[in-house]
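Enquirer: The whole structure should be built from the sequences, with the hints applied where relevant.
Same order as they appear, the protein sequences are chains D and Y. Residue numbering for the first sequence follows my numbering, starting at 7 and increasing by one per position. Residue numbering for the second sequence follows my numbering, starting at 38 and increasing by one per position.
No wet-lab data here; the hints were simulated from the structure. Where a beta carbon is used, it is the ideal one built from N, C-alpha and C, also for glycine. Take the hints with a grain of salt, since some may be wrong.
Stated by the list, open to error - Facing chain D, according to a computed beta carbon distance under 10 Å, are these residues of chain Y, among others:
| hint | residue |
| --- | --- |
| 1 | GLY348 |
| 2 | VAL354 |
| 3 | LEU361 |
| 4 | PHE636 |
Said to hold, decoys possible - Taking beta-carbon pairs under 7 Å as the criterion, some of the chain D residues facing chain Y (in silico):
| hint | residue |
| --- | --- |
| 5 | PRO87 |
| 6 | LEU90 |
| 7 | VAL94 |
| 8 | VAL96 |
| 9 | LEU98 |
Unchecked claim - Cβ-Cβ distance ranges computed for the label pairs, FRET-style:
| hint | chain 1 | residue 1 | chain 2 | residue 2 | range |
| --- | --- | --- | --- | --- | --- |
| 10 | Y | PRO585 | D | HIS72 | 28 to 36 Å |
| 11 | Y | SER353 | D | ALA30 | 41 to 49 Å |
| 12 | Y | HIS86 | D | PHE102 | 38 to 46 Å |
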Amino acid sequence: MAEDGHAGERAHPTAGVYLRVAAALVVLTVLEVGVFYVPAFHAVLVPTLLVLSAAKFSLVVMFYMHLKADSRFFTFLFGAPLLLATGVLVALLLLFFGALTLRGAAGGG
Amino acid sequence: MSEATGGGLKSWLTTTDHKRIGLLYFWTAFAFFLVGGVEALVIRLQLAHPDGHLVGAETYNQLFTMHGTTMIFLALMPLGSSFFNYIVPLQIGARDVAFPRLNAFSYWVFLFGGLLLNASWFAGPLFHAGVLNVAPDAGWFGYANLTERQYSPGPNIDFWLLGLQILGISSLAAGFNFVVTILNLRAPGLKMMRLPTFSWMTLVTNFLIITAFPVITVGLLFLMFDRFFGTHFYVREAGATPVLWQHLFWLFGHPEVYILILPAMGIVSDVLPTFSRKPLFGYTVVVYSGILIGFMGWGVWSHHMFSVGLGPIADSVFAATTMLIAVPTGVKIFNWIATLWGGDIRGTTALHFAVGFIAMFIIGGLSGVSHASPPADLQQTDSYYVVAHIHYVFFGGTIFGLFAGIYYWWPKMTGRLLDETLGKVHFWLQFIGMNLAFFPMHFIGLLGMPRRVYTYSPDLGVSDLNLVSTIGALLIGLSILILVANLWRSRTHGAPASNDPWGGATLEWGIPSPPPPYNFSVIPTVESRLPRWRTERHGPMKDPPARPPAPIHMPGGSWWPIVAAFGLPVMALAPLTHTLWVVFVGAAILLFGIYRWAFEPFEV
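Expert: Right, here's the structure in full:
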């Protein structure tokens, strides 16, 4: 954190960068829709879609939410709750489907 | 200077000044606090004797639901917000919050959401309900499937879920505003580890708000779809489970507990050093404990659900995390006591409430630890023991902390001191009243009286304890009347407050009481954690000059926040009345307000 109380900022991207990011997002979206129709991907459809959506998510937060251009402190402020939310969601899923319970571990659901 | 700094109704409706918005939050939240208090008194009068018949079962259901909802969402949270608004910009050396119009929008959305929720007390005839009251009636945590259309066909739950959705928008908008304000608008030299503890806890609280409220928003959205569009998110017959609601609600609900208590902890952490004339003992540890509580608060939600039957592994994990979260809380308590130790203590009313907070919160914390044990919790769940616990935390904790804040900052906010004698009478009546009201509930609960039931049999053997509890509640009511009299009296009879009536260490005490619209004639440069006190390495800072050396431009007021906010309750009327076109009218008002807001030359 800067001494004067303001978070340090780096140069923001140009309009051209934003347009290229938009193009990349369009391509990734087309891929997301496309893999659904390719039989070879059916076995790994869920991980493929997760990877593609994670890539889109990263592009949006890095460029359109300015985290790449802003202070690293903001990346921490965004990333820490994100990690926390991921942990909470995983715990919730495990709880919800009974995997954490003895009943779940025994396969009884 | 803007129109918002003049007098008259228009200046208040259009104000974007954080101080005025802070006062609006204060008076509105205080009014809702009185409403919630009257609801509580009716509940207690009903339970004063066995087989009570002051109200019937349905009205009783509405009373306890609205009491909880009102106190949490319309009184305690916004009372905290009134201090965020008024005090935080002053503590960080800023002229206003980061987004002044968004701040006004937050307030108006809060007001309209609160009015919509409470309109349910009188809206029965509009829905041909055959009764006057159609207030929400499924408890403040609105468990599915009680809230499904099948079991609650009237508009009661619709008011609740739509009101809470609107209030959530207000909280989120304010949350983002305060996070940005504290991170970006600090005065030169005011590094994070020089922030006053109240501002630190405000930051943590608002992080919790912007992370926790989306969870209840999702839960309420599912409920809205179930009730209005025939989906089955919580309908067991359709293969879903109502337990999903419990998970979503408590994922929000437990961080909400810390949203309510952390501001009070921040206030107490500022009040104790001032009236002990000592720096806060272990400032860094207190701050990190607050941050740790913010994180750990996300890992304990299922302790509200031990009776669901999650299984021994899940129960053990959540029992352990719940016991662990008591550690940073205990750390804070020891630091507060160490702050008082050996201090030059002045027994002001604010200090009374701060010390009362510590004592009462310890009791609430200890009964909380007893819930952390699943076998014990199974005996306590849904009994009055839980009611005792929640009131020691929220009344003994949050309310005592907030009242310490009122007595501490009222001179800064109004330029008038509150009467100390009346203040101490208020404190002792409230202190005795709350212990009479809530301590017997531990026994009432363990003796087997369930909560949320409108009456009880004399055979249960809890009649005398219930009568004591009701007498305590009436004492609390009397004490609040004394506070109201004190606040009212201070308008004309309160002694004028100097810049710094208490000898405070933080920036707000270096400027006039009440502060001018621009707050600081010159933005201060901060060199120490206690800028207005002499420390080992720093002398006290020079206060800003009484008159600004150059004209200071402040932004004007704006109509568009209130216009945009008004669109939301109009939109809510559409599902309430099952009239589609109304939603388009509401959306048009909202969008028109936002559009004009976006293109308004606000800085001119």
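Enquirer: Does each hint fit the structure? Answer for all of them.
Expert: Hints, one by one, checked against the model:
Restraint check, GLY348(Y) versus chain D: the minimum CB separation of about 3 Å is within 10 Å; hint holds. Because the smallest distance between the Cβ of VAL354(Y) and any Cβ of chain D comes to about 7 Å, under 10 Å, the interface hint for this residue holds. Because the closest C-beta pair between LEU361(Y) and chain D is about 15 Å apart, greater than 10 Å, the hint is violated. Interface hint status for PHE636(Y): violated, as the beta-carbon distance to the closest one in chain D is roughly 21 Å, over 10 Å.
Of the supplied interface hints, the one on PRO87(D) holds, with its beta-carbon coming within about 5 Å of a beta-carbon of chain Y, less than 7 Å. Interface hint status for LEU90(D): upheld, as the beta-carbon distance to the closest one in chain Y is roughly 6 Å, under 7 Å. A cut of 7 Å between beta carbons decides the hint on VAL94(D): the least distance to chain Y is about 6 Å, and the hint holds. Taking 7 Å as the C-beta contact cut-off toward chain Y, the hint placing VAL96(D) at the interface is violated, the least distance being around 12 Å.
With a least beta-carbon distance of about 6 Å to chain Y, the hint placing LEU98(D) at the interface is held under the 7 Å criterion. At about 34 Å, the beta-carbon gap between PRO585(Y) and HIS72(D) stays in the expected band of 28 to 36 Å. At roughly 46 Å, the beta carbons of SER353(Y) and ALA30(D) sit within the given window of 41 to 49 Å. At about 44 Å, the beta-carbon gap between HIS86(Y) and PHE102(D) stays in the expected band of 38 to 46 Å.
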